[in-house]
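Chemist: Turn these sequences into a full structure, and let the hints guide you.
First to last, the sequence lines map onto chains A and B. Quick note on numbering: numbering that gives the first Met the number 0 labels position 141 of the first sequence as 140, and the sequence is numbered without any gaps. Quick note on numbering: numbering that gives the first Met the number 0 labels position 172 of the second sequence as 171, and the sequence is numbered without any gaps.
Some clues are possibly wrong.
Derived DEER-like restraints, expressed as beta-carbon distance ranges [claimed, not checked]:
id, chain 1, residue 1, chain 2, residue 2, range
1, A, 220, B, 221, 56 to 66 Å
2, B, 160, A, 204, 32 to 42 Å
3, A, 295, B, 88, 55 to 65 Å
Below, in silico cross-link-like pairs of lysine to any residue (SDA-like), each with a Cα-Cα straight-line distance of 20 Å or less [stated by the list, open to error]:
id, chain 1, residue 1, chain 2, residue 2
4, A, 146, A, 308
5, A, 146, B, 274
6, B, 146, B, 168
7, A, 146, A, 311
8, A, 104, A, 88
9, B, 146, A, 104
Rather than coming from a laboratory, the hints here were simulated on the basis of the structure. Note that the structure is predicted; figures quoted are calculated from it, not measured. Glycine residues also receive a C-beta, built at the ideal position from the N, C-alpha and C atoms.
There are 2 protein chains.
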Amino acid sequence: MAAALALSERGRGRTAPNPNVGCIIVSGGSVVGRGWTQPGGRPHAEAMALAEAGDAARGATAYVTLEPCAHQSPRGPACADLLAASGVATVHVALGDPDPRTNGKGIARLRAAGVAVHDGLLAAEAARLMGGFLMRQRSGRPLVTLKLATSLDGQIAMADGRSRWITGAAARAHTHLERARHEMILVGRGTYDADAPRLDVRLAGLEARSPRRALLTRGVAPEGWEAVAAPGAIGALAGVDHLFVEGGAQTAAAFLAADRVDRLLLYRAPILIGRGRAALGDIGLADLAEAHGCWRLCDTRLLGSDRMEVYERVRI
Amino acid sequence: MAAALALSERGRGRTAPNPNVGCIIVSGGSVVGRGWTQPGGRPHAEAMALAEAGDAARGATAYVTLEPCAHQSPRGPACADLLAASGVATVHVALGDPDPRTNGKGIARLRAAGVAVHDGLLAAEAARLMGGFLMRQRSGRPLVTLKLATSLDGQIAMADGRSRWITGAAARAHTHLERARHEMILVGRGTYDADAPRLDVRLAGLEARSPRRALLTRGVAPEGWEAVAAPGAIGALAGVDHLFVEGGAQTAAAFLAADRVDRLLLYRAPILIGRGRAALGDIGLADLAEAHGCWRLCDTRLLGSDRMEVYERVRI
Chain A
0 MAAALALSER GRGRTAPNPN VGCIIVSGGS VVGRGWTQPG GRPHAEAMAL AEAGDAARGA
60 TAYVTLEPCA HQSPRGPACA DLLAASGVAT VHVALGDPDP RTNGKGIARL RAAGVAVHDG
120 LLAAEAARLM GGFLMRQRSG RPLVTLKLAT SLDGQIAMAD GRSRWITGAA ARAHTHLERA
180 RHEMILVGRG TYDADAPRLD VRLAGLEARS PRRALLTRGV APEGWEAVAA PGAIGALAGV
240 DHLFVEGGAQ TAAAFLAADR VDRLLLYRAP ILIGRGRAAL GDIGLADLAE AHGCWRLCDT
300 RLLGSDRMEV YERVRI
Chain B
0 MAAALALSER GRGRTAPNPN VGCIIVSGGS VVGRGWTQPG GRPHAEAMAL AEAGDAARGA
60 TAYVTLEPCA HQSPRGPACA DLLAASGVAT VHVALGDPDP RTNGKGIARL RAAGVAVHDG
120 LLAAEAARLM GGFLMRQRSG RPLVTLKLAT SLDGQIAMAD GRSRWITGAA ARAHTHLERA
180 RHEMILVGRG TYDADAPRLD VRLAGLEARS PRRALLTRGV APEGWEAVAA PGAIGALAGV
240 DHLFVEGGAQ TAAAFLAADR VDRLLLYRAP ILIGRGRAAL GDIGLADLAE AHGCWRLCDT
300 RLLGSDRMEV YERVRI
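Modeler: Below is the structure:
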């Protein structure tokens, strides 16, 4: 299942409105088929893996990160039917599909066809990797990641706005990799005017994965950009299950104040700036006590001499 | 030697102007003597360990964190002479003593008496643990630790000054432990006026180790406090080899601007504050490039849900 999850990662940010699923088919101790949801959402991971496996799927075990779909579409048959027809003997599913067209029906259909189905394997990891799809299903909006690159004292620039460079090359390259995992990047007017950012993916081999660009504005977006009027309006962004908010302080604060941040991606350089520009504007905090318990560290890593930390929003 | 270093830790912040040395005497695979510099600087670690070992020191091996002193004083004989007279066969020394009255003479005297001497074992760790003494010897001033307790976005309080609590109980207890390792704590006028801080050590068993209190002011200190006019004046503080700067932002910035901070002790709570009070005032940074390469992470630990980090000033 860990291998299937690694495959699902490949589709992150490219499969909306479909989930980024991964699938591995194992027979006699060997992997005979591998698949992941393709850009735009089709083919599905299971169809791709079964096509590779061919006859080897008979009697094999399939590992799928999400419950196979139970609904036929003009673009292809239901994956539960494909799996049943392939002759696989066992299917491991990490997570049930909340899509009402499937939601248990995929597993039921497999079992009805005589396939042994086990679920729950690495469910938490699967929920993290397919978080954009799940957030869209549950809350009707994309999963929002807020990126902040700061000094040890929480500054994102010097007082006059200079911010090149706070973090090092490895951290900046990692930001580009994160961009490639999002359908859309958003900045505020201040960042747009000051930096005229390209916001593209400048990593060899991933240039084609540069996301759509959005500006937080009540006005009209410049050419090549889309306008987002407010954090509360992100549900209307078609084809966006992962939104990457890159700055600046007022835009970040607006998303936090609206409780529209699900993931904090922090890069911290081992430097001190002193009187500069703070990472965040007013987030509407009334009391220190209410600030606690909102964020849980879920990943941390050194990138050169910078520390990366990922915090997830805790919602009870 | 690691055990001797652990003993040296016991004296940190209590032995100035003497170094906080640790000493272990091993004979036939057993520890027969343990010593550490006592409060006020006497007895020395070696004298204490030899007193415990008694006749068992004959033919034994001694581990000392600093080169044994070569100078007699009215308060006791030179440790190099004591060790030689005790009959120890071998002495391991972590670090040479830069005090001109010893500086190689302690080791020479041991060798002249027929004792085998090895030096350099765990020297870097020893330099860290006896950093206050070494800074005083090298630069004529105490080692300065700056403590900052911030949110993830680098704020030390809400906009109206409320700061209870940003960090949790474990981090706050750790701060009290750090206080006990310093001869003096210093705050600025703003912190004094706003918090009227006690700055004592509120840890069971360590209450008696509350350090002297200083106020950064050009005026007169209140009763029970000492006045320090400027960061550049700390060399004149008699009996202070470790100075703990606890706030606030202007005081911290003044010490950083004067390059009088050797150790950054950061506590970071997993919360966001937004528009609040920044950790630092103006530190006089002219360019981002010059901010890099100044700080090296040397320790990190989770305290409850807060992360503690210790950075050391890199001086080339």
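Chemist: Look at each hint and say if it fits the structure.
Modeler: Quick rundown of the hints versus the structure:
A beta carbon spacing of about 59 Å between residue 220 (chain A) and residue 221 (chain B) agrees with the range 56 to 66 Å that was offered as a hint. Between residue 160 (chain B) and residue 204 (chain A), the C-beta spacing of about 51 Å breaks the proposed range 32 to 42 Å. At roughly 56 Å, the beta-carbon separation of residue 295 (chain A) and residue 88 (chain B) lies within the given 55 to 65 Å, and the hint holds. For the proposed pair residue 146 (chain A) and residue 308 (chain A), the alpha carbon gap of about 10 Å is at most 20 Å, so the pair holds.
For the hint pairing residue 146 (chain A) with residue 274 (chain B), the CA-to-CA distance comes to about 17 Å; that is within 20 Å, so the pair holds. Distance restraint check for residue 146 (chain B) and residue 168 (chain B): the Cα-Cα separation of roughly 16 Å lies within the 20 Å cut-off, and the hinted pair is therefore satisfied. Restraint check for residue 146 (chain A) and residue 311 (chain A): the C-alpha separation of about 12 Å stays at or below 20 Å, so the hint holds. Simply put, residue 104 (chain A) and residue 88 (chain A) have alpha-carbon atoms about 18 Å apart, close enough for the 20 Å limit, and the pair holds.
For the suggested pair residue 146 (chain B) and residue 104 (chain A), the alpha carbons sit about 57 Å apart, so the restraint of at most 20 Å is broken.
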